[in-house]
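Chain residues, written in single-letter form:
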Amino acid sequence: MPQFDPAVFLPQIFWLVILFGLIYLFIAHSAAPKITRVLERRQDRIASDLEEAERMQTTAEQVRTDYDLAMKAARATAASMVAQKRNAIKAEMETEYNQLSGELAAEAALAEQKIIVARDKALDDIRAVSVDVCQDIIQTVSGLDLDEKIISVSVNSRFDMMKETANG
Amino acid sequence: MVEGPLAQFEITTLIPITIGGHDVSFTNSSLFMALAVLGVMFFMVAGMRKGSLVPGRWQLCVEVCYEFVANMLHDAAGRDARKYFPFIFTLFMFILFANLLGLVPFVGFAFTSHIIVTFAMAIFVFVGVTLIGLAKHGFKFFNLFIPKGAPKALLPLLVVIEIVSYLTRPISLSVRLFANMVAGHTMLEVFGGFVVALGVFGVAPFAFIVVLISLELLVAVLQAYVFAILTCLYLNDALNLH
Numbered sequence: 000m001p002q003f004d005p006a007v008f009l010p011q012i013f014w015l016v017i018l019f020g021l022i023y024l025f026i027a028h029s030a031a032p033k034i035t036r037v038l039e040r041r042q043d044r045i046a047s048d049l050e051e052a053e054r055m056q057t058t059a060e061q062v063r064t065d066y067d068l069a070m071k072a073a074r075a076t077a078a079s080m081v082a083q084k085r086n087a088i089k090a091e092m093e094t095e096y097n098q099l100s101g102e103l104a105a106e107a108a109l110a111e112q113k114i115i116v117a118r119d120k121a122l123d124d125i126r127a128v129s130v131d132v133c134q135d136i137i138q139t140v141s142g143l144d145l146d147e148k149i150i151s152v153s154v155n156s157r158f159d160m161m162k163e164t165a166n167g
Numbered sequence: 000m001v002e003g004p005l006a007q008f009e010i011t012t013l014i015p016i017t018i019g020g021h022d023v024s025f026t027n028s029s030l031f032m033a034l035a036v037l038g039v040m041f042f043m044v045a046g047m048r049k050g051s052l053v054p055g056r057w058q059l060c061v062e063v064c065y066e067f068v069a070n071m072l073h074d075a076a077g078r079d080a081r082k083y084f085p086f087i088f089t090l091f092m093f094i095l096f097a098n099l100l101g102l103v104p105f106v107g108f109a110f111t112s113h114i115i116v117t118f119a120m121a122i123f124v125f126v127g128v129t130l131i132g133l134a135k136h137g138f139k140f141f142n143l144f145i146p147k148g149a150p151k152a153l154l155p156l157l158v159v160i161e162i163v164s165y166l167t168r169p170i171s172l173s174v175r176l177f178a179n180m181v182a183g184h185t186m187l188e189v190f191g192g193f194v195v196a197l198g199v200f201g202v203a204p205f206a207f208i209v210v211l212i213s214l215e216l217l218v219a220v221l222q223a224y225v226f227a228i229l230t231c232l233y234l235n236d237a238l239n240l241h
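So the protein lines, in turn, are chains A and B. With numbering that gives the first Met the number 0 as the guide, the letters of the first sequence map in order to residues 0 to 167. With numbering that gives the first Met the number 0 as the guide, the letters of the second sequence map in order to residues 0 to 241.
Hints are computed from structural coordinates only; laboratory data are not their basis. A couple of the hints might just be wrong.
Here are some of the chain A residues that sit facing chain B, going by a computed Cβ distance under 7 angstroms [to be verified]:
1) Val7
2) Phe8
3) Leu9
4) Phe13
5) Trp14
6) Leu15
7) Leu18
8) Gly20
9) Leu21
10) Phe25
11) Ile26
12) Ala30
13) Gly101
Glycine residues also receive a C-beta, built at the ideal position from the N, C-alpha and C atoms.
Isolated chain A (complex conformation):
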């Protein structure tokens, strides 16, 4: 085998030392640091991006919390405003109702009074007529000519009873 010929040893070792030394120096001082830099920069970039994302997420969460709180406060305010308004309207309505019902009651009482007066008057008119009618009927039927006063007493008692019944 040519590998075991001692004549080939020295030149190979000589060139191996030189060329291996050369590539070692190149890698140690140029290539490896450059790759390290690139990898570190990428690592840093990824780390900083993640950090940024985390920070943004925190901010977003903060905003969300703030929004929720604001929403809650606004709802509470709205509810209290609605309640207040409702109470105010209720009170107003009650006042108006009372006032109106008072007026109506007064009017009704007045009207009732008028009705009573009108009815009494009507009854009195009818009574006057009734006495005449009764006198005529009695005369026609029985031929008796009764005194207006006697008839009047009877008719009056009837009408007083009717009035009493009407007035309750």
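Put chain B on the given structure of chain A with help from the hints.
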């Protein structure tokens, strides 16, 4: 004259040089060393030219090699070994390119199939690792030869075995790479000869060569890896005594 399957390992002088009466000629072996060096340089310079944040394909290849070796070193030898990373990285890339260049059809020459080359690298690793261990731990470094929890009676024998196995490390390290490369290239040469000799029926050994070439590609990468990881493990022994 018919060349044997071992003729491919012949060293031919390209530029004769002598220094102080010693022959240090630039040979085909030196040429492929230079090609490996230029290949590694080109691979890295061209790959990292832009050094972009988002790597392209080539840059990714370079980064994968870097991270592969860095993880291997970290897993095998821990954090203290970081400063030896450039050496391990160089070793891996140099042997990888050497092995792969050896597989180029017709012109390829694998200088890792020369025992003197692999042995020179192995002995350098061996001496370097031993010196690192001695510098770090002083005499305590020799505790390495005393296996943990061994019975006292067996200790003398075990220490002798440990020392012998430690001293044979450069031999096993260099021979493993050398033998793998020689075996692969010899096999390819032999079956290549069959292809020519069998004429039409040469199709069969040719198909076999296709398979064998893929295997040799695997071996080329694997042996570079094995050389590098064993170096890492030796470094671990020296840095972190048990």
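> Looking back at the numbered hints, which does the structure fail to meet, lowest number first?
Replying inline: 8, 13
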